[in-house]
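Asker: Now for the letters of each chain:
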Amino acid sequence: MTERTVHVDYISRVEGEGALKVRIAGDKVEEAQLKIFEPPRFFEAFLRGRGLTEAPDITARICGICPVAYQMSACHAMEAALGVKVEGQLRALRRLLYCGEWIESHALHIYLLHAPDFLGYPDAIRLAKDHPQEVKLGLALKKVGNDLMTLLGGREIHPVNVRVGGFYRAPTVDELRAFRPQLERALEMAERTVRFTATLDFPHIEEDYEFVSIRREGEYPLTQGDIVSSKGLKIPQAEFEHHFEEVHVPYANALQAVHKGSGPYLVGPLARYALNSDQLTPKARSMAKEAGLGPVERNPYRSIIVRGIETIFAIEESLRIIDHYERPAEPSVPLPEVTQPRRGAAATEAPRGMLYHRYDLLPGGLIGDARIVPPTSQNQKRIEEDVRHLVERSLVLDEAALTDRCERAIRNHDPCISCATHFLKVTVERS
Amino acid sequence: MAAPSKPRLAVFKFASCDGCQLSVLDCEDELLAVAGAVDIANFMEASSAVVDGPYDLTLVEGSVTTPEDARRIREVRAQSRVLVTIGACATSGGIQALRNFADVEEYRSVVYAHPEYLSTLATSTGIAEHVPVDFELRGCPISKYQLLEVVSAFLDRRTPNVSTDSVCIECKRRGNVCVLVAHGTPCLGPVTQAGCGAIRPAYRRGCYGCFGPQPTPNSTSLTAKLEEVGMAPEVVKRFYRTFNANAPAFRQAGEAAAAEAK
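For the record, the sequence lines run as chains A and B.
Read the first sequence against the working numbering and you will find it ends at 431, with the numbers running on by one and no gaps.
Read the second sequence against the working numbering and you will find it ends at 1262, with the numbers running on by one and no gaps.
Everything labelled a hint here was simulated from the structure, so no lab data went into it.
Fair warning: this is a prediction, and the values are worked out from it, not measured in the lab.
Glycine included, every Cβ here is placed at the ideal spot set by N, Cα and C.
One should not assume that every hint holds.
Just the calculated beta-carbon pair ranges, DEER-fashion [what the hints assert, rightly or not]:
no., chain 1, residue 1, chain 2, residue 2, range
1, B, Ser1109, A, Gly364, 16 to 26 Å
2, B, Ala1153, A, Lys136, 23 to 33 Å
3, B, Ser1152, A, Pro295, 43 to 53 Å
4, A, Lys129, B, Glu1149, 21 to 31 Å
5, A, Arg192, B, Ser1152, 31 to 41 Å
6, A, Gly364, B, Arg1174, 33 to 43 Å
7, B, Asp1103, A, His248, 31 to 41 Å
8, B, Ile1169, A, Gly294, 56 to 66 Å
9, B, Glu1149, A, Arg343, 42 to 52 Å
10, B, Asp1103, A, Gly364, 40 to 50 Å
11, B, Ala1153, A, Arg169, 29 to 39 Å
12, B, Pro1054, A, Arg180, 18 to 28 Å
13, A, Gly263, B, Leu1155, 46 to 56 Å
14, B, Ser1152, A, Arg169, 57 to 67 Å
Which residues of chain A face chain B? A partial, calculated answer using Cβ under 10 Å [to be verified]:
no., residue
15, Arg13
16, Cys63
17, Asp130
18, Gln133
19, Val135
20, Asp323
21, Arg327
22, Arg405
For lysine-lysine, the following DSS-like pairs were computed, each having C-alpha atoms within a straight-line distance of at most 27 Å [stated by the list, open to error]:
no., chain 1, residue 1, chain 2, residue 2
23, A, Lys260, A, Lys381
24, B, Lys1225, A, Lys136
25, B, Lys1225, B, Lys1172
26, A, Lys129, A, Lys234
27, B, Lys1006, A, Lys129
28, A, Lys289, A, Lys231
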């Protein structure tokens, strides 16, 4: 019996440091391990003893790619603990800021990280030599997302305007209206993006995912709503830890989440789309149809099209929010004193999937305990399954080709290893 | 005669959030021009094509937190003609340097079920504590304009023009009202190096020191002012201890406030 091992020592075009090891015996994959060697940073430990209002700015530093997601999950969890509601225009402004992050992050992944895989280039710089129009369009689209975050948050990475209870400063109506032309151009760019991604060459495979995302009637999910799954789960966010658990495996500096009694599951664009495609904005819906997407998409390679559709949604939603904007009298709602122990939890939709925070507060308002479950640790186990199936289908390939395919299978899910405290290195062993 | 080859650029990551290297990709208007002026030889977040060193310009993001990384940074230094650190993690150890004030063994057991699977050092330290560094770019995150200035200066073989003024100077230039004096809002601007564009005061909140201490900070005076506007010493300690907690001036100011809190 022949033995094979495939190693990818350092997975490129992902955020953070990770590796993959696959051990093959005959025609069976004995083991597929997504290794996370990003060094641990201990956020949950040093959050203890910090003030509740410090959590949004501190947890933003977990990830430079999706800081708004961390700020939003932290704020909603703290507000749940305090029994504070942030509604109306303040809620809309939060969605607007989040849309900026989705536009930026999705354009980054589509053009700079993912597209080179389909067109046979090692990176977008070399892709730009032969396809300058596409890469320039991608950078211009990405910039609109960054500019929207800068408008609302002061800067695109680790914005400074978010607080528990709302914002430090609410923009004026004129400031937001002035941004409308940029968004209109972005909408056109995003439509071209979907048409471009729909022409790519996709392997014909479907995975049997259990999809998990947030769902709230009347809107495509960003913040608030129930946690739902394609296997019929529907729970309030506060019950997340009753249904999902994290397991610490020896080869990773990250914790892997599983749905109790069900197993690995997937969060992110494919999951949100499958569970919420009925709630897309009009143009996003018509472009999904034009691009050939059904109500559910199970081919992980085609997530590049779904990211394009979600980008259109984020732009249409931004335009809608701006058109209905009236400046709130106060930029935030007041917070009550914490006089007894309190617990609050919340999940919001980071570009790469659902991000859960839970805090226990002590009397006086200091954090006693914190739990953070990032999207990539939820997807990690399911990504290993994707790789296992891929390798079993592709045994005839030589090492170089197989290694390349494995990396692509991982990149389909836009993993953020800094979030999950990991980085990718691929190893395949055959026996 | 053969055309001179382009300088080779490398980007390496240590413990960090990836935000500072993302700043390279966030230079949307300049990225393709920069890529035309240098040969991107090693940048794992952006490319699968890796060329071995030596490199002419190396950007290092992140802090040293594991025995392996303490070894790896020496290797990176040996391959680099010019080494520039980008961001608070690489310069002072970053937010993960909060472990330097705590018990790491206990930290491990709080976050991970099997602490024995992890390999970690008791401290998070900046790159210059391990190898010589040619230039340190501040910020959590860095300013992409300062990054472009450093890369351009390197290409032109001149010293980067990066101000070491305090945030106060930037606030004055921007025309911000002083939030500390006018509103009593706690602000680290007087002791923090400029570079962010004084964005926080523009959003009506105080500076939280993400560019680290400026060269001659008078933190004793600032601490007295912070207490005067109503901050308890324990809160002052936390105020200094965020993204640059381990930078010497902020570390000392934090320790002084901690001693007072006791």
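Asker: Each of the hints needs a verdict: does it hold here or not?
Answerer: Each hint tested on the structure:
1. The given range of 16 to 26 Å is respected by serine 1109 of chain B and glycine 364 of chain A, whose C-beta atoms sit roughly 25 Å from each other.
2. With their beta carbons about 26 Å apart, alanine 1153 of chain B and lysine 136 of chain A fall inside the hinted range of 23 to 33 Å.
3. The supplied range of 43 to 53 Å is met by serine 1152 of chain B and proline 295 of chain A, whose beta-carbon atoms lie about 50 Å from each other.
4. A hinted range of 21 to 31 Å for the beta carbons of lysine 129 of chain A and glutamate 1149 of chain B is consistent with their spacing of about 26 Å.
5. Judged by the Cβ atoms, the range 31 to 41 Å given for arginine 192 of chain A and serine 1152 of chain B holds: they are separated by roughly 32 Å.
6. One distance hint, 33 to 43 Å for the beta-carbon pair glycine 364 of chain A and arginine 1174 of chain B, holds here, with the actual separation near 36 Å.
7. Remark: the range hint 31 to 41 Å for aspartate 1103 of chain B to histidine 248 of chain A is contradicted by a beta-carbon distance near 20 Å.
8. Remark: the range hint 56 to 66 Å for isoleucine 1169 of chain B to glycine 294 of chain A is upheld by a beta-carbon distance near 58 Å.
9. For the pair glutamate 1149 of chain B and arginine 343 of chain A, the beta carbons lie near 47 Å from each other, so the given range of 42 to 52 Å is met.
10. Taking 40 to 50 Å as the suggested C-beta distance range, the pair aspartate 1103 of chain B and glycine 364 of chain A does not conform, at roughly 23 Å.
11. Distance hint check: the CB atoms of alanine 1153 of chain B and arginine 169 of chain A are about 34 Å apart, consistent with the given range 29 to 39 Å.
12. Take proline 1054 of chain B and arginine 180 of chain A: their Cβ atoms lie about 49 Å apart, and the range 18 to 28 Å is violated.
13. Between glycine 263 of chain A and leucine 1155 of chain B the C-beta distance comes to about 52 Å, which sits within the given range of 46 to 56 Å.
14. A hinted range of 57 to 67 Å for the beta carbons of serine 1152 of chain B and arginine 169 of chain A is inconsistent with their spacing of about 33 Å.
15. The beta carbon of arginine 13 of chain A comes within 6 Å of a beta carbon in chain B, closer than 10 Å, and the hint placing it at the interface holds.
16. Satisfaction of the interface hint for cysteine 63 of chain A is found here, the shortest Cβ-Cβ separation to chain B being roughly 5 Å, below the 10 Å cut-off.
17. Interface restraint check for aspartate 130 of chain A: the shortest CB-CB distance to chain B comes to about 13 Å, outside 10 Å, so the restraint is violated.
18. About 12 Å separates the beta-carbon of glutamine 133 of chain A from the nearest beta-carbon of chain B, more than 10 Å, and the hint is not met.
19. Nearest Cβ of chain B to the Cβ of valine 135 of chain A: about 7 Å, under the 10 Å cut. The hint holds.
20. Given the 10 Å rule on beta carbons, the hint for aspartate 323 of chain A is violated: about 24 Å separates it from the nearest Cβ of chain B.
21. At a threshold of 10 Å, the smallest CB-CB gap from arginine 327 of chain A to chain B is about 14 Å, leaving the interface hint violated.
22. Here the hint on arginine 405 of chain A is broken, as its CB sits about 13 Å from the closest CB of chain B, past 10 Å.
23. Among the hinted pairs, lysine 260 of chain A with lysine 381 of chain A is consistent with the structure: their alpha-carbon atoms are about 13 Å apart, no more than 27 Å.
24. For the given pair, lysine 1225 of chain B sits about 49 Å from lysine 136 of chain A by alpha-carbon distance, which is inconsistent with the 27 Å threshold.
25. The suggested pairing of lysine 1225 of chain B with lysine 1172 of chain B holds, with an alpha-carbon distance near 19 Å, which does not exceed 27 Å.
26. Distance hint between lysine 129 of chain A and lysine 234 of chain A is unfulfilled; the C-alpha atoms sit about 48 Å from each other, more than 27 Å.
27. Annotation: proposed proximity of lysine 1006 of chain B to lysine 129 of chain A holds, straight-line Cα distance about 17 Å (limit 27 Å).
28. For the given pair, lysine 289 of chain A sits about 25 Å from lysine 231 of chain A by alpha-carbon distance, which is consistent with the 27 Å threshold.
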